[in-house]
Amino acid sequence: MILNFDFSSSVPLYQQLRNQIVVGIAEGKLQPGEQLPTIRALAEESGINMMTISKAYQILKQEGYITTDRRFGARVVDKENTHIPENTLSELRLRISELRLSGLSREEILQLCAKLYEEGENK
Amino acid sequence: MTSQLILILTVCWLPALMCWMLVNETRFKKNIVLGVTLPQEAHEDPNVQKELAHFKKTEILIAVLLTALVFLLLIPSVKDWMMTLWMIWIDIVIIAPNIPYVLSHGRLIALKEEKGWKKETKTVRVDTSTIGNERWLSPLAFLPAVIISFLPILFDHGLIAGYVVNGISCILLWFGYRYLYRNKSEMVDDNIELTKALTRIRRYNWGKMWLMIAYLMAAVSLILWLGRRNGLLMGVLTVALAVAVCVFALRLEMRMRKTQERLTASSGSGEYIDEDDKWLGGLIYYNPDDHNAIVNNRIGLNSTVNMASGLGKFMIVMTVLLLLGLPFFGFMLDGVSTQEIRIAKQDAIVEAQAGMTDYKIDLASADEILLLQELPEGLSRRWGTGMDKILKGSFTAKDYSNLTVLLDPTTGPFILIHNADGYYLLGTRDPQLTKELYQSLVR
Chain A
1 MILNFDFSSS VPLYQQLRNQ IVVGIAEGKL QPGEQLPTIR ALAEESGINM
51 MTISKAYQIL KQEGYITTDR RFGARVVDKE NTHIPENTLS ELRLRISELR
101 LSGLSREEIL QLCAKLYEEG ENK
Chain B
124 MTSQLILILT VCWLPALMCW MLVNETRFKK NIVLGVTLPQ EAHEDPNVQK
174 ELAHFKKTEI LIAVLLTALV FLLLIPSVKD WMMTLWMIWI DIVIIAPNIP
224 YVLSHGRLIA LKEEKGWKKE TKTVRVDTST IGNERWLSPL AFLPAVIISF
274 LPILFDHGLI AGYVVNGISC ILLWFGYRYL YRNKSEMVDD NIELTKALTR
324 IRRYNWGKMW LMIAYLMAAV SLILWLGRRN GLLMGVLTVA LAVAVCVFAL
374 RLEMRMRKTQ ERLTASSGSG EYIDEDDKWL GGLIYYNPDD HNAIVNNRIG
424 LNSTVNMASG LGKFMIVMTV LLLLGLPFFG FMLDGVSTQE IRIAKQDAIV
474 EAQAGMTDYK IDLASADEIL LLQELPEGLS RRWGTGMDKI LKGSFTAKDY
524 SNLTVLLDPT TGPFILIHNA DGYYLLGTRD PQLTKELYQS LVR
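Here the protein sequences come in this chain order: A and B.
Per the numbering used here, the first sequence starts with residue 1, numbered consecutively.
Per the numbering used here, the second sequence starts with residue 124, numbered consecutively.
Don't read these hints as lab results, they were simulated from the structure.
Some hints could be false.
[Said to hold, decoys possible] In the DSBU-like style, the derived pairs of lysine-lysine whose C-alpha atoms are separated by at most 30 Å in a straight line are:
(1) B/Lys-436 <-> A/Lys-61
(2) B/Lys-401 <-> B/Lys-180
(3) A/Lys-55 <-> B/Lys-436
[Claimed, not checked] Chain A stretches covered by chain B per the calculated footprint, using a threshold of three residues with CB under 8 Å from any CB of chain B:
(4) 53-61
(5) 102-116
If you're wondering where the values come from, they're calculated on a predicted model, not measured in any experiment.
Don't be surprised by glycine CBs; every beta carbon is placed ideally from N, CA and C.
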């Protein structure tokens, strides 16, 4: 999987890493059980501080996307993540509100969601 | 004249080497030429080729001029300033060939923008499939070299400092191998297999280089031990080893470059990595976003430092100080070479003094004072100064295991004194003065 880090972006680097890994898992670029690079290796590769990488991994672990242990490092969870974090729900509410204010109907919003969902599956 | 020639021969090849290394950068490797990343379509562009040809000509001209310049040091009238001029020449050799490089790099960057070849790459790309597959050499691979370096201590205590330095160097070489390498994938484009191959080749050669240098250091210990009674043998073997190290390192670097050139010859037509904005003048890595202080050079095998880091800033200061300090150091050496040698007798003490060196020799316990017309056979320095016009410090000779020396070897005779502390060999720069001093000592 290719990760892109934009150092000039207003989105913090740990958030960029977290988001890309979540998208990567959803799109099947990262398979269940697949090992993620170690914090040190990813820091050396990208030039990003180890603490920043560690923070992203901690968030991913808290959200249930990855597991970590001393022996195998970080891995994508084997089972599907059924837990939806509260901030994801509030973010979704906000986005739906924005789409409604843009003049989209319920059906149009659902169609748009279905289209984006299928795009993710086909990648 | 002989020492001047030796001094010149030790460095006269440097301009040719610099020229060779820099001209090699006119061949595309990883889509980079003279530190500028260009797409495949630009590789054969007439303007690019013209700039590269101009650069080659300039570098060859500079190499010829600098090589000719160093032989001017053979002129007898500059002999007293030999070391100062020699050091200034080394400064010029380090700096001058890089000036056309930076200028050509700048012109190619301008051409890149003009032709629309510049890529907007704000992001850093990382391929997770190529990370974390490293396998480092075990420290045990370096252990035999460490043992061999220390081994002669069991048989010879005279050169113990040399053996210890070599042994410690071998240990430090392992640290160099392990920690002076930026563990980063050699990503050139989207071709993952190419990235993996380039990364693997670089890591393999990196280990090979440090390991080989460790074993060559072990060989230095053996040379010191085997040649300790034969200065000529030690000299010949040391020169041979120095040549072997240089040839080995250069061969490895050039083979690495050749491999990079061959494997990436067809890259640059689709997506490719362009990090030119992080390399000032194509030579200096400056990236405040990169947390690493040590980074790999884009071309070849070496590492460099991130000048935006604390270590990088420290290195800039040290490099500038070194370049400025070289002529000053040469000036000091020239001063030592011609400094006055004062030898005087006061009561039962002979005081021999030159610069910071000051020997006080007790005549009361002296049992032998001789006037030698020539230097003892096989006079060889253990530590101290050994220059054309001054010898001072601890020496050995065929018939003397330990001699404390202060003299001008070009001006005899010499006074040999043996007392309770050992042998002393002294001589002023004035033969008549030395003879008179001898007469006063034996009177």
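Exercise. Would the pair B/Lys-436 and A/Lys-61 pass a check requiring their Cα atoms to be no farther apart than 30 Å?
Worked result: violated (38 Å)
Problem set entry | 30 Å limit on alpha-carbon distance, applied to hinted pair B/Lys-401 and B/Lys-180 | Roughly 28 Å between the alpha carbons, so the hint for B/Lys-401 and B/Lys-180 holds.
Exercise. For the segment 53-61 of chain A, do at least 3 residues have a Cβ located nearer than 8 Å to some Cβ of chain B?
Worked result: Three-residue rule not met by the segment 53-61 of chain A, so violated; n is 0.
Problem set entry | Straight-line alpha-carbon gap A/Lys-55 to B/Lys-436, limit 30 Å | holds (29 Å)
Problem set entry | Stated coverage of the segment 102-116 of chain A by chain B [criterion: 3+ residues, CB within 8 Å] | As far as the segment 102-116 of chain A goes, the hint is violated, because 0 residues have Cβ atoms under 8 Å from chain B.
The structure shown violates the earlier hints numbered 1, 4 and 5.
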